[in-house]
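Colleague: Spelled out, the chains give:
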Amino acid sequence: MAFDPSVNTKASGKAWSLARGYFVILSLPVLFLLLFFLWPLFTVVTRSFGVDEPLFAHFLTVFDRSSYIKVLGYTFQVAATVTVLCLLIAYPVAALIARLRGGWLQISFALILVPFWTSTVIRTYAWMVLFQRKGVINGFLLDLGLVDEPLRLMHNNIGVHIGMVHIMLPFMLLPLISAFRNIDPSFMRAAGVLGANPVRAFWHVYLPLSMPGVSAGVALVFITSLGFYITPALLGGAQNMMVAVLIEQQVSITVNWELASALATLLLLLTVALYILYDRVARRAGAGGVLE
Amino acid sequence: MMTWRTTGRVAKVAMVGFAAMVLLYLVMPTFVIVPMSFSDKLYLSFPPTEWSFRWYEAMAERVDYPQALWNSIKIGLPVALLATTFGTLAALGVVRGRFFGARPMSALVIAPLMLPQIILAIGLYPVMAKLGMAGTYPGVVIGHTVICIPLVFITVAASLKGYHPAYEYAAMTLGAGWWRTFWYVTFPMIRVGVIVGAILSFTFSFDELIIALFLTSPETRTLPRLLWEDLRQYVTPIIAAATTLVLCLSFVLFGALAVAQKRLQRDRSP
Chain A
533 MAFDPSVNTK ASGKAWSLAR GYFVILSLPV LFLLLFFLWP LFTVVTRSFG VDEPLFAHFL
593 TVFDRSSYIK VLGYTFQVAA TVTVLCLLIA YPVAALIARL RGGWLQISFA LILVPFWTST
653 VIRTYAWMVL FQRKGVINGF LLDLGLVDEP LRLMHNNIGV HIGMVHIMLP FMLLPLISAF
713 RNIDPSFMRA AGVLGANPVR AFWHVYLPLS MPGVSAGVAL VFITSLGFYI TPALLGGAQN
773 MMVAVLIEQQ VSITVNWELA SALATLLLLL TVALYILYDR VARRAGAGGV LE
Chain B
781 MMTWRTTGRV AKVAMVGFAA MVLLYLVMPT FVIVPMSFSD KLYLSFPPTE WSFRWYEAMA
841 ERVDYPQALW NSIKIGLPVA LLATTFGTLA ALGVVRGRFF GARPMSALVI APLMLPQIIL
901 AIGLYPVMAK LGMAGTYPGV VIGHTVICIP LVFITVAASL KGYHPAYEYA AMTLGAGWWR
961 TFWYVTFPMI RVGVIVGAIL SFTFSFDELI IALFLTSPET RTLPRLLWED LRQYVTPIIA
1021 AATTLVLCLS FVLFGALAVA QKRLQRDRSP
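Taken in sequence, the protein lines are chains A and B. In terms of the numbering used here, the first sequence opens at residue 533 and continues consecutively. In terms of the numbering used here, the second sequence opens at residue 781 and continues consecutively.
Any given hint might turn out to be false.
From the derived model, a few chain A residues whose C-beta atoms are all more than 10 Å from chain B [unchecked claim]: (1) L565; (2) F588; (3) R597; (4) L637; (5) V679; (6) E681; (7) R684; (8) H698; (9) V725; (10) Q771; (11) A776; (12) E780; (13) L799.
FRET-style restraints, in silico, Cβ to Cβ [unchecked claim]: (14) B:W850 with A:I601: 40 to 46 Å; (15) A:N688 with B:W850: 36 to 42 Å; (16) B:L954 with A:L620: 56 to 62 Å.
On the chain B side, residues computed to face chain A include the following (Cβ under 7 Å) [unchecked claim]: (17) L872; (18) R876; (19) L893; (20) L895; (21) I898; (22) I902.
Treat the hints as calculated values from the structure; they're not laboratory data. None of these values were measured; they are calculated from a predicted model. Every residue gets a Cβ at the ideal spot worked out from N, C-alpha and C, and that includes glycine.
Let the sequences and hints guide you as you build the complete structure.
Modeller: Spelled out as C-alpha cells, the structure:
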C-alpha cells in the first residue's frame, strides 16, 4: 500500500482512542444480543412469575407435582448416564487415536466428524429406521434366529441412551484427543524405567495429565444433555420424558406458558450454575476457564 | 516382565477392535439412510431387495419438500451474513480492545451457544410476536443469528489471537484509517476464520429445529421442521430420500470447510 501523507493527521488523532474505537465496534453485536438474547431470557424469567399469582406460584406447582419432579430427576439421570457412558467409551478410543499419525489419524478424524456434520433430526431418524419393530436390527436378529419376537428398542430407555450417546460421543472424543496429544510419551517411558508397571504408570502419570480433557468433555456432554430435545422426543417413551420435551409440550399442547417458563427458568439457572462451577474447577486446575 | 508384555499386546488388539467398533457405531446410522432411500418397499428393510428411485419421485411430487429446502436456504444465507458481521465485530472488540467490561461482554457473546435452545425459543416467540415478526423470515433469521454469533466469534477470535496486533498499529502509524487498516491488514489475516465461521453458521441454521419450530409458519418452515413433522406422523422412505439429498449438501459444505481449514493451517505456518 502506498504511503499517503494526506490522511496522516486524521489517523494519528484516532490512534490514541483505540480502546474507545473497539468499544464502538463491540456495541453493535452487544446491542443485538441485548435485544434478541437477553430480552427473551428476561421474558422467560418474568413470565415464570405469572401476572396476578402469588410469588413463585408456578415454581411451587413444579415442585408440588410429583410428575414434574420425576421429569427433572429423569433428565438429570439420563444426562449423568450419557456422560459416564461417553467417558468410558471415548477414553480408550481417544487414547488410541491420539497416538496415530498420518493417514490413519485423518481417517479417524473424518469418521468422528461425519456424524458431527449430519443433522440431529436425520441421525435420530436413522436410529428409528434401525430400531423399529420391523426395522433393520430386529430383522437381522429374527433372520439369525437369535430372538423369536422383535425386541422393543424404541420408546424406552435403551433407545434414548443409544441415540444420545451417539450424538454426544464426538463432543467427548475431541477434547480428550487434544488432551492426550499434549501428553509427552516419554513421561510414560520414564515411569516404566523407574519401575512402575503399566497400570501404576497409567494411574499416577497418564490419568492425572489427561484430567483437563476429561473435565472439558464431561462438562460439555453433561450440560448439553440436560437440554436435549430431538432424540428423547422421537426415541423416548411417554413414561420417561426429559425436561426440554416437557417445556415444549407445555407450550404447544397445554398452552401453559407460565409453567413452561418456570421450567425453562429452572433449566437456565441449573445450566448457568453448572458453567460457573466448571469455570471455578477448571481455573483451579489451571486448565483455563469457560472463556479461554 | 513377560506377562506384562503379553497382556499389553492382548490389550492393544482389544483396544483397536473396540475403537473400530465405536467408529462404526458413529458412522453407521448415516450410511444406513442412503441405501434405504433407494429401496423399493414401503417398509424399510436392509439391504433393500430391489433398487428404485420411487421415493425420490414421490418426494419431487410433493410441493412442500422443494419449498422447505428453498426456505432453509433463504434463511441460512442471511443468517450466515448477519452472524459473520456481528461475530467478527464482537471478536475484534473483545480481542483487540482493552477496556473495562470486555470479559462480561465476551461471556454475553458466547452464552447463546451454551444454553439449551428451548429456553431461547420460548423466550423469542413472545418477543417476536410483540414485534410482529413471529412466523416471518426475519423472525427466524434473527433467532438463528443469535446462536450463530458465538460460532463466528470463536473462530474469528482464534484467528485474531494467531498474530500480533503490531501489524495493525504499523498500518495506523503509517497513516491508514480504520477502514483501510481493517480491509488491507486485519481482514486478510482473519479471512479464513471468517469463512469458516460463515460456513458453520449456514450449517447450523440449515440443521436447527427447535427455534424453527417456534418461529416459522407453514409458509416459512425449514427442511428440518418438515422432516420433523413427517417423522411424527409416519416414517416413509421419502424422508430417507430427502435426507440423502441433505447429506450430499452437507458433505459439499464439509469439503469446503476442510479446504478452508487446510488453508488456515498453511497461513499459520509460513
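Colleague: Sort out which numbered hints this structure fails and list those numbers smallest first.
Modeller: 1, 8, 11, 12, 13, 19
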